Amino acid sequence: MTLLRHTSADQDVQREALTVNPAKTCQPIGAMYAALGLHRCLPHSHGSQGCCAYHRSTLSRHYKEPAMAGTSSFTEGSSVFGGQANLLAAIENIFTVYDPDVIAVHTTCLSETIGDDVPQIVEAAIDKGLLPEGKMVIHANTPSYVGSHTTGFATMTKAMVDYIAQSSGAEKIRDQVNLIPGWVEPADMSELKRLVKLMGLDPVTFPDTSGVLDSPQTGIHEMFPAGGATVDSIRSAGDSCHTIALGPICSGPAAKALFAKCQVPQTTMPLPIGLKATDQFIMKLREINGGFVPDEIMTERGRLLDLMTDMHQYFYGKTAALWGDPDQLVSLAELLITLDMIPKFVVTGTPGKKFFKRMGDVLGDHAQACKVDQGSCADMFRLHQWIKSDPDKVDLLIGNTYGKYIARDEDIPLIRHGFPILDRIGHQHFATVGYRGTTRILEQILDAFLDRQDRDAPESGFELVM
Amino acid sequence: MTLLRHTSADQDVQREALTVNPAKTCQPIGAMYAALGLHRCLPHSHGSQGCCAYHRSTLSRHYKEPAMAGTSSFTEGSSVFGGQANLLAAIENIFTVYDPDVIAVHTTCLSETIGDDVPQIVEAAIDKGLLPEGKMVIHANTPSYVGSHTTGFATMTKAMVDYIAQSSGAEKIRDQVNLIPGWVEPADMSELKRLVKLMGLDPVTFPDTSGVLDSPQTGIHEMFPAGGATVDSIRSAGDSCHTIALGPICSGPAAKALFAKCQVPQTTMPLPIGLKATDQFIMKLREINGGFVPDEIMTERGRLLDLMTDMHQYFYGKTAALWGDPDQLVSLAELLITLDMIPKFVVTGTPGKKFFKRMGDVLGDHAQACKVDQGSCADMFRLHQWIKSDPDKVDLLIGNTYGKYIARDEDIPLIRHGFPILDRIGHQHFATVGYRGTTRILEQILDAFLDRQDRDAPESGFELVM
Amino acid sequence: MSEHSPFDDDSEVAVTSESLRDDLLDAYPKKTRRKREKQVVVNHKQADESGLVSLPVIGANTRTIPGVITQRGCSYAGCKGVILGPTRDIVNITHGPIGCGFYSWLTRRNQTLAPTDEHDNFMPYCFSTDMQDENIIFGGEKKLAKAIEEAYELFKPKAIAVFSTCPVGLIGDDVHQVAAEMKEKLGINVFGFSCEGYKGVSQSAGHHIANNQIFKHVVGEDDTKRGKWSINLLGEYNIGGDAFLIEDLLQRCGIDLVATFSGNSTYDQFANSHMAQLNCVMCHRSINYVADMMEKKYGPPWIKVNFIGAKATAKSLRKIAEYFDDQELTEKVEAVISEEYPAVFEAQKTYKPRCEGKRAMLFVGGSRAHHYQELFAELGMKTIAAGYEFAHRDDYEGRDVLPDIKVDADSRNIEELHVDADPDHYRGDDRAKAIERERAGYKFKEYDGLMADMPEKALVIDDINHHESEELIRRMKPDLFCAGIKEKYAVQKMGVPCKQLHSYDYGGPYAGFQGAINFYKEIDRMVNAKVWSMIQPPWSDQADQNAPSSSSVRRDG
Amino acid sequence: MSEHSPFDDDSEVAVTSESLRDDLLDAYPKKTRRKREKQVVVNHKQADESGLVSLPVIGANTRTIPGVITQRGCSYAGCKGVILGPTRDIVNITHGPIGCGFYSWLTRRNQTLAPTDEHDNFMPYCFSTDMQDENIIFGGEKKLAKAIEEAYELFKPKAIAVFSTCPVGLIGDDVHQVAAEMKEKLGINVFGFSCEGYKGVSQSAGHHIANNQIFKHVVGEDDTKRGKWSINLLGEYNIGGDAFLIEDLLQRCGIDLVATFSGNSTYDQFANSHMAQLNCVMCHRSINYVADMMEKKYGPPWIKVNFIGAKATAKSLRKIAEYFDDQELTEKVEAVISEEYPAVFEAQKTYKPRCEGKRAMLFVGGSRAHHYQELFAELGMKTIAAGYEFAHRDDYEGRDVLPDIKVDADSRNIEELHVDADPDHYRGDDRAKAIERERAGYKFKEYDGLMADMPEKALVIDDINHHESEELIRRMKPDLFCAGIKEKYAVQKMGVPCKQLHSYDYGGPYAGFQGAINFYKEIDRMVNAKVWSMIQPPWSDQADQNAPSSSSVRRDG
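Protein sequence lines, in the order shown, are assigned to chains F, U, V and Y.
Just so we're aligned: 441 in my numbering is position 441 of the first sequence, and the numbers increase by one with no gaps anywhere.
Just so we're aligned: 240 in my numbering is position 240 of the second sequence, and the numbers increase by one with no gaps anywhere.
Just so we're aligned: 254 in my numbering is position 254 of the third sequence, and the numbers increase by one with no gaps anywhere.
Just so we're aligned: 291 in my numbering is position 291 of the fourth sequence, and the numbers increase by one with no gaps anywhere.
Source of the hints: derived by calculation from the structure; they are not laboratory data.
Owing to the predicted nature of the structure, the values given are computational and were not obtained by experimental measurement.
Beta carbons are placed, not taken as given, at the ideal position from N, Cα and C, and that holds for glycine.
There could be a bad hint or two in this list.
As the list claims (entries may be wrong) - Pairwise CB distance ranges (calculated):
1) U/Ile220 x V/Lys521: 40 to 46 Å
2) V/Gln536 x Y/Lys146: 51 to 57 Å
3) Y/Arg33 x F/Asp361: 54 to 60 Å
4) F/Glu287 x U/Lys261: 48 to 54 Å
5) V/Thr350 x U/Met283: 35 to 41 Å
6) Y/Gln327 x F/Pro458: 46 to 52 Å
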């Protein structure tokens with residue numbers, strides 16, 4: 001008995017209004033996740049308390065960690081008269097009870113629809129003396145009816161630049177680069193920092209959820225864990241010699257704002273998932289460090305290549321369906337192409353102008369063989385209908401937990417990647433970026449294929465050696 | 001249709017002569033693996049060429065890497081008249097053609113049975129001028145009819161001490177410790193070295209197959225890859241302040257020999273797989289370093305614990321069957337016990353006196369509920385018969401690739417661990433030691449259970465969130 | 001009643017309930033403290049001369065204070081997620097930006113069991129109008145109408161429900177009008193919910209909005225007659241399969257379960273539910289008014305039941321039997337209880353000694369914080385503090401206080417349906433039977449609330465927030481804390497296991513007898529897990545040297 | 001024949017076969033060089049005036065030089081692993097220390113297909129006496145006898161075979177005596193093999209030992225008559241399912257396959273094999289003497305066939321039909337070829353343009369290095385160097401050299417069975433038919449060897465070792481190298497894909513028509529894989545700065 005059985009293969013009415021099984025969620029959760037990557041910051045959701053509850057729950061379910069955040073708890077009154085009183089109360093309560101260094105306010109569809117002016121309210125809070133010395137409130141406008149969770153993440157990341165980064169006017173610091181990692185797992189952020197350091201550079205990384213959403217069990221709950229980008233480090237981002245923004249959707253806006261504000265040159269590049277995108281990342285760092293790549297990184301690259309040669313026979317010609325966030329999808333698709341696999345179906349709910357172009361560049365000759373869609377109705381239902389109607393069932397699914405329903409119905413292995421992963425534990429501890437991270441993805445894909453082969457092999461073809 | 005179907009559950013005749021599906025292999029392959037962990041060393045099998053072919057094939061199939069080694073290629077003549085001529089020819093050919101720094105000769109059942117005296121033959125080679133300046137030949141006696149692959153590994157490791165290590169007579173070097181890692185994956189050796197360095201100590205690690213059997217794809221075949229313990233470093237092992245031998249079977253003999261030869265105090269302890277064994281390892285290092293544990297290690301420990309708490313509900317009360325090498329089995333069993341799992345059935349083909357005692361200590365209260373066996377007929381056939389006859393099917397198998405036949409027949413998930421893993425690629429790149437390595441095992445166990453749960457769930461119980 | 005705090009006996013420091021309460025409140029700014037004082041209550045029960053016990057008054061169902069890090073969610077969550085979520089054959093379209101639909105997509109573990117492939121089960125789908133900027137500016141009604149049509153064309157459901165999210169009310173989309181038009185056009189039932197997130201002060205408002213609309217639009221649509229012992233189960237949402245166990249028990253007793261609101265439910269069950277002879281209310285908070293409305297409009301009386309806890313389950317089954325007052329039913333019920341109880345006793349014998357004396361705190365839901373105390377009691381565990389996330393005063397103090405509850409502005413905004421007896425469907429016989437049973441001493445509509453069952457001087461806290469939870473745990477080190485996913489990991493970081501009572505941590509079922517056994521095992525697992533003892537490294541009792549900074553200790557080698 | 005080396009046309013440097021050969025040999029000490037000179041041969045074919053082509057003489061089936069890092073294995077591997085491995089219903093007990101049994105346990109991919117659960121399939125089992133120290137000192141015969149009994153008791157097989165490992169011969173265990181005793185005692189066939197690893201100079205000795213014993217102990221046990229077109233297939237081991245495809249072709253042609261030695265085989269097939277009318281030899285090396293012995297003892301003649309390559313498959317099928325000389329069979333064979341060939345053409349059309357002109361090297365086995373050249377030729381690829389791991393001179397130079405081959409001490413140790421016509425079973429009619437067909441120009445026992453088919457001046461290397469392989473690859477950069485697992489990863493580290501022709505890299509089957517198509521696809525995959533172009537990082541063409549040592553560049557931040 002299948003679960004998503006209600007539509008037949010040929011049934012995908014031209015939808016323009018109804019989204020079914022979305023491949024995205026809303027901006028505020030992205031802003032909340034980004035804000036958690038700021039050390040001693042309490043994210044604050046300015047809207048109904050349900051938003052905050054949903055976002056915290058989803059983040060906790062994905063990261064298996066506390067996701068602390070405040071809410072303005074709008075009621076009908078605040079919706080009519082504006083949320084100023086609520087936000088003022090929140091600011092007072094939060095600084096009094098929880099004592100963060102920063103409150104990072106993001107708006108919701110509610111506060112945006114009624115037109116609350118957060119900076120003005122924060123001004124009022126300052127006037128009322130609600131901000132203790134040295135503390136700050138930053139904000140991002142993240143109406144839920146614009147963009148997606150990834151653009152919300154981008155907007156809060158940009159807010160860190162707008163509110164905090166400064167150019168001291170002195171010469172840029174030669175070895176200091178800004179690293180804007182985009183929405184990746186905490187372990188990815190650690191891995192990216194490690195690579196930058198190995199390249200002889202000092203990364204100013206923001207947001208940085210490593211040490212926050214992968215924090216240790218110590219018997220003590222730290223309201224503000226040891227990790228996260230400090231305000232001081234972000235302030236000094238204005239003095240870095242370069243900004244590397246990973247993923248145009250999540251990290252591009254902050255990098256551009258930092259250039260505009262502090263004249264830090266920036267490069268926006270693909271998330272370094274896969275050999276090629278990581279090569280690009282290392283190439284750029286090499287340009288900045290004066291032109292060297294240490295042996296350690298060369299070895300990691302060579303190990304990845306070694307696995308790629310060893311595993312190639314199992315990957316060649318296999319097809320996959322992907323859904324999720326554009327920055328991830330482009331790099332994942334490129335990875336599959338370098339493995340001689342075909343990312344046959346790709347959807348993202350996140351809107352944005354350059355996605356088709358980027359996917360086209362990555363797919364190259366294979367573009368004709370692949371279906372790519374983006375936007376409101378580019379949802380997992382569409383993806384599933386494509387899969388159902390394809391006579392050659394794809395060999396692999398890569399995406400978030402929601403893919404398990406398609407995986408079950410169509411009997412296709414699923415590799416969980418992206419956000420949210422609600423039904424497994426551990427992903428936040430294993431990077432999938434860089435050469436080393438890519439080896440993890442390779443292992444996962446190979447295991448998926450070989451487990452399947454073992455499962456389906458007849459007695460005579462059940463193999464000891466592979 | 002099952003494959004290992006030929007015996008019913010109640011059928012396990014008291015065997016004393018026939019081994020069926022062994023949980024061990026022979027000494028020489030262990031000596032070969034150990035010798036590959038010596039930089040610029042060519043292992044050499046003194047016996048029939050088939051041994052060498054089998055060992056190289058098995059190592060290559062496990063590590064997906066070249067496993068270079070020579071053989072004395074005994075024919076009937078050498079078997080009658082002794083292998084001296086063959087070994088002399090081999091030594092000449094190897095130094096001339098392949099130019100290693102060291103040839104590490106191990107014997108086989110053949111050369112042992114005929115009684116070849118390797119040191120005497122090497123003397124003869126030196127007399128004949130077959131050893132170039134600065135080169136050396138070391139040897140280990142590894143008759144196949146004694147011990148197992150793990151003791152062969154131990155013997156060659158000890159040979160490194162016997163032939164190479166020296167005490168310079170000066171005071172021991174305060175921050176230098178010897179790390180004898182035992183038979184673990186190359187990535188494990190890297191991880192152990194990383195931990196020792198984080199503890200502020202300088203590890204002399206031997207054998208060390210990292211950088212040898214996980215070498216990068218660079219377009220160049222290095223006959224002797226960059227990794228491996230150098231002769232110089234092992235020489236200085238005699239001056240280290242302490243030796244940490246991981247696993248009494250694989251590493252104990254070398255540590256003891258080093259104490260006898262150079263008076264380096266030694267501690268033989270369990271392989272640091274799992275929280276407790278890693279704690280023990282860190283405790284010992286902390287004793288040596290004067291008493292500190294850096295934050296990085298504390299964080300890694302805390303992250304492991306965090307996963308243990310988060311995953312506990314899925315592990316609790318689950319049972320497992322394990323087979324493989326004693327040093328691994330003891331630590332794996334302990335890991336399962338700390339997770340509130342029960343290692344119900346455990347077998348190893350490797351003989352050795354303290355295994356039952358060590359398992360008993362680890363199993364504690366659970367010892368009565370578990371079956372443990374060791375030695376010639378303690379094979380995977382016995383393990384399988386135990387599983388067949390147990391009314392509560394165990395929930396998990398942990399062991400090498402050969403377990404896949406039991407896994408298929410009994411429909412029990414298998415986690416591949418130990419040697420050899422012939423049907424998957426990548427394991428050599430992912431450590432399972434230390435706090436971080438243990439998180440990998442935890443993730444694998446959890447995935448195994450949850451994949452199973454997803455597979456078997458009825459429609460109504462198929463869960464998005466876990 | 002003992003005078004000392006439930007905290008005193010185990011803790012080393014002299015913490016009294018009162019002192020702890022003060023400590024919790026001291027952290028707040030004045031205004032916040034004033035509000036919280038009413039909601040953080042020491043359960044001091046006072047008996048008057050006649051022995052009548054009076055409970056302290058608690059502040060409940062009031063606004064959450066901004067910024068305190070609350071457990072609460074919103075009206076939409078209560079309406080779409082909790083009440084309508086478990087019904088499998090209605091296409092639920094969220095009208096709004098994508099988030100609300102996304103977060104309520106399969107996240108509540110309300111299981112369902114479509115008997116065959118031919119039966120609809122839309123629960124694995126998320127339907128949304130995914131409102132965009134332009135829909136906010138120019139209105140979303142057209143998009144909603146189109147979305148309903150598209151959903152109909154694809155899925156051909158028997159009913160479509162529309163859920164309003166925050167901006168919908170603000171921009172003035174009339175979802176009810178659109179629903180009415182589409183009902184007309186498509187010929188299936190289409191109805192809307194004005195469950196914007198800002199409505200009311202918690203999920204509770206959403207429950208009310210949901211239940212009202214189901215009552216208005218669905219209940220009473222199908223007049224098929226039911227068997228002789230027919231009941232509805234109200235306020236049971238089949239988390240982790242609870243309803244399956246209860247259904248099984250009822251079936252074995254021969255009781256005809258017409259509808260569950262809304263665990264494992266279907267549209268048709270709701271439509272026929274008014275034909276049941278008795279309503280049995282599990283979660284008093286989420287649905288007691290539906291029972292009242294049904295009684296008024298159709299005649300059947302209602303009783304409070306509880307299937308959490310073995311004793312409570314037996315009691316509830318007996319109470320149902322007692323209502324029908326039929327020897328055959330009574331015998332069947334007793335037979336079922338006799339079949340089930342030996343395993344329960346066996347389990348209690350195993351697990352009680354392992355759990356006895358351990359101390360729990362429960363802060364969750366609108367009834368679970370009460371009901372689950374039954375199970376802890378069966379394990380010999382003490383509940384030393386508890387409170388609800390979205391309950392009202394009657395859920396704490398009992399239905400006696402209903403007349404005293406002030407209706408504030410936030411609650412006034414939630415529609416109260418005015419219901420009269422339905423001239424065509426009111427069943428006087430049910431009413432007559434109820435009156436007869438009441439005369440015989442049978443209690444209807446009886447619910448004494450959580451506080452009556454709590455120990456003297458236990459802390460009862462409404463709408464607890466993170467600060468208060470953390471202080472409670474830090475000070476009292478309970479053996480177990482029960483809450484939800486948002487709290488879980490923070491609690492556990494303090495070394496205390498946290499049992500989720502919303503999702504059951506993906507365990508369960510915990511209802512009925514079998515469920516009780518499941519729960520015993522689970523609690524034993526949690527409070528006795530080895531891992532909690534291993535958090536401190538073995539060297540933690542030894543003084544650490546100053547570690548060199550990590551950069552200086554790294555070497556190559 | 002072209003005079004220039006096959007290397008010249010593509011390579012930039014002027015490498016000739018002769019110069020390359022010199023370079024390979026130059027690295028050796030004198031004595032080693034002298035020996036290898038005989039085995040590293042430039043394939044210079046000389047035609048005499050009559051047009052008769054003579055090939056160079058190659059050294060083969062001689063001892064491997066110690067220390068050179070050879071591809072070769074041992075006699076036990078050839079006996080237990082290769083020949084007996086694929087037979088599913090014999091319990092194969094390795095008498096020796098554990099290793100030999102362990103390494104030959106399921107590692108050869110010789111697939112088998114037991115028709116039902118009731119049929120024995122012992123291939124997934126490894127049986128060993130696991131000899132210990134004391135068995136070496138005091139002898140292992142008792143343990144062996146006990147092991148045979150235990151195996152019988154557990155598995156009740158129809159036959160048990162015992163394989164001797166190195167120490168067995170040395171300590172004087174008489175496995176044949178033990179086998180005979182146990183045969184007597186258990187009432188099933190039990191037989192031993194003196195296949196100690198040191199016997200002979202390669203696996204080839206083991207094949208011989210294995211085949212002899214099967215011929216002595218099993219063949220001829222069952223005289224059941226066979227159908228009109230009955231054959232045996234000798235020297236086909238069902239790697240990756242090859243035999244399944246061949247079986248299918250034969251069956252569709254109506255040919256009665258009595259026994260395969262030993263792919264997908266059973267004990268009973270061997271027992272009945274002498275009743276076949278024709279023996280078809282695939283791997284000449286491993287088994288041609290069995291064909292000879294069968295002919296001598298029972299009468300049926302033998303031909304060389306080859307099912308690797310589409311053209312060769314068609315040719316082999318036609319040759320079989322030609323032998324039986326029956327219109328019905330000929331038509332069936334042509335029909336099967338016509339059914340299969342369109343897909344082959346289609347595949348060639350797709351893959352040939354992608355592979356054409358690429359250069360391969362093959363160093364493997366005793367027939368594969370020859371047979372697989374067929375497939376490369378079908379793809380338009382050139383085989384520029386090749387050689388066997390364990391073949392004899394006749395496998396290189398053709399059976400014409402058989403009389404010239406000197407039998408050295410190592411080979412003399414391998415028993416040659418002396419076989420005479422079996423008075424009771426010799427079938428004169430088969431013999432008569434063969435003579436008649438031969439008169440009609442039909443060729444029996446014809447095998448011209450590998451060198452005849454290799455290009456002029458290609459390098460032919462017997463028993464190649466790592467040094468020679470590495471030099472060949474480094475100098476010639478072939479597009480593909482074919483060898484085994486021991487060579488694979490070293491080859492690939494040089495950026496050249498390596499196809500395993502023992503295990504097929506866990507791909508296949510490659511036999512027959514479908515197999516050819518599989519192979520085309522696989523070779524296309526390998527020679528055109530993107531990964532080989534990505535080995536050099538994009539910055540490799542830029543000068544690197546001196547990197548600071550890694551310790552100094554690490555920072556915290």
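Outcome of the hint check:
Hint check: U/Ile220 to V/Lys521, Cβ distance near 59 Å, so the stated range 40 to 46 Å is violated. At roughly 55 Å, the beta-carbon separation of V/Gln536 and Y/Lys146 lies within the given 51 to 57 Å, and the hint holds. Restraint check, Y/Arg33 to F/Asp361: a C-beta distance of roughly 55 Å satisfies the suggested window 54 to 60 Å. A hinted range of 48 to 54 Å for the beta carbons of F/Glu287 and U/Lys261 is consistent with their spacing of about 52 Å.
Between V/Thr350 and U/Met283 the CB atoms are about 36 Å apart, so this pair conforms to the stated range of 35 to 41 Å. For the hinted restraint 46 to 52 Å between Y/Gln327 and F/Pro458, the CB-CB distance of approximately 37 Å leaves it violated.
Violated hints, listed in ascending order, are 1, 6; each of the other numbered hints is respected by the structure.
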